[in-house]
Amino acid sequence: MKIRRALGPLTVALLAGFLAACRSGPVDAWGSRARTMLLTSGPAEISLSSSRVPGYWAQQVEDGQEFFLYTRARSFEKGSRVRVEGPFGFVTASVYLEDKGLYMRYYRLHVLVVWRMAGDDGPSDRGSAPREEANHARHP
Amino acid sequence: MRVIPRALLPTVLIGLAFVHARCQSQLRPWVPPQDVKAKIVSEATFVRTGLGEYVEGYLAEYESEFETKTVFMVLELPCYRLGDRLIVTGRLTDDSVRLPPRDRTEGRIPVFVVDRAVPNIPTAPVIPALK
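So the protein sequences, as listed, match chains F and A.
Numbering-wise (my numbering), the first sequence opens with residue 1 and increments by one.
Numbering-wise (my numbering), the second sequence opens with residue 141 and increments by one.
Derived by calculation from the structure, the hints in this document are not laboratory data.
A couple of the hints might just be wrong.
The calculated EDC-like cross-link candidates involving lysine to aspartate or glutamate, where the alpha carbons are at most 20 Å apart (straight line), are [as the list claims (entries may be wrong)]:
#, chain 1, residue 1, chain 2, residue 2
1, A, 177, A, 193
2, F, 100, F, 45
3, F, 100, A, 255
4, F, 100, A, 224
5, A, 271, A, 224
6, A, 179, A, 207
7, F, 78, F, 98
8, F, 100, F, 66
9, A, 179, F, 98
10, F, 100, F, 77
11, F, 100, A, 175
12, A, 179, A, 201
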């Protein structure tokens, strides 16, 4: 009886922990740490659940991971280095990849909702990146 | 005697519910996607289909069984231009659109939902050199 009484809360705690682990995605996805990205397109659009989403295609400088940066900012240019903050998630969207002329209805990609975006003066292109700051999407 | 009808009744009711749901359902059997070589023959258009959906796309033509077929190609991002030739993967639906009459396209035009499209850039045939 004592053992059962002791095991009850432990089991509940373990189950709660297990459920929390299953529900949450990668911890990093919800972090809003700043990331340095290289824009691989000019202003572009994707279609998420039949809604047009404006932004830029970008590559994370650290690991080359492809992202779509959801932002209404239109002043950055292809090839710019930017510093972005915001959460991201894995989605399936309709996309048009301009360099290949390819349209895909079900394309899996990371979309980062931009909270803050600013030009990043990296060591390689110091002075060439725009200094404009796009600060929006406070409530994604 | 009473046990058997009591056991059968839920099964019969569930069966009837399934039959009713199947009859009411708008679901269609899955159709495998097909590859076609299409040519866009209109600018991007936003239309309402016969089943009441609002879609964007192009009128396109492709050849099938020695016939030129005209379809309304649905793309969520209208990224191509009039006259572009594409290799398109997608499927015909039971839906259709009615557009203002053109030279060859009158009446209801079937809707073709595009899953994937790439430009069709024909390559020159390899002709062996004369000996």
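Results for each hint:
no. : hint          : verdict
1   : A:177 x A:193 : violated (26 Å)
2   : F:100 x F:45  : holds (15 Å)
3   : F:100 x A:255 : holds (16 Å)
4   : F:100 x A:224 : holds (14 Å)
5   : A:271 x A:224 : violated (39 Å)
6   : A:179 x A:207 : holds (14 Å)
7   : F:78 x F:98   : holds (12 Å)
8   : F:100 x F:66  : holds (15 Å)
9   : A:179 x F:98  : holds (19 Å)
10  : F:100 x F:77  : holds (19 Å)
11  : F:100 x A:175 : holds (18 Å)
12  : A:179 x A:201 : holds (5 Å)
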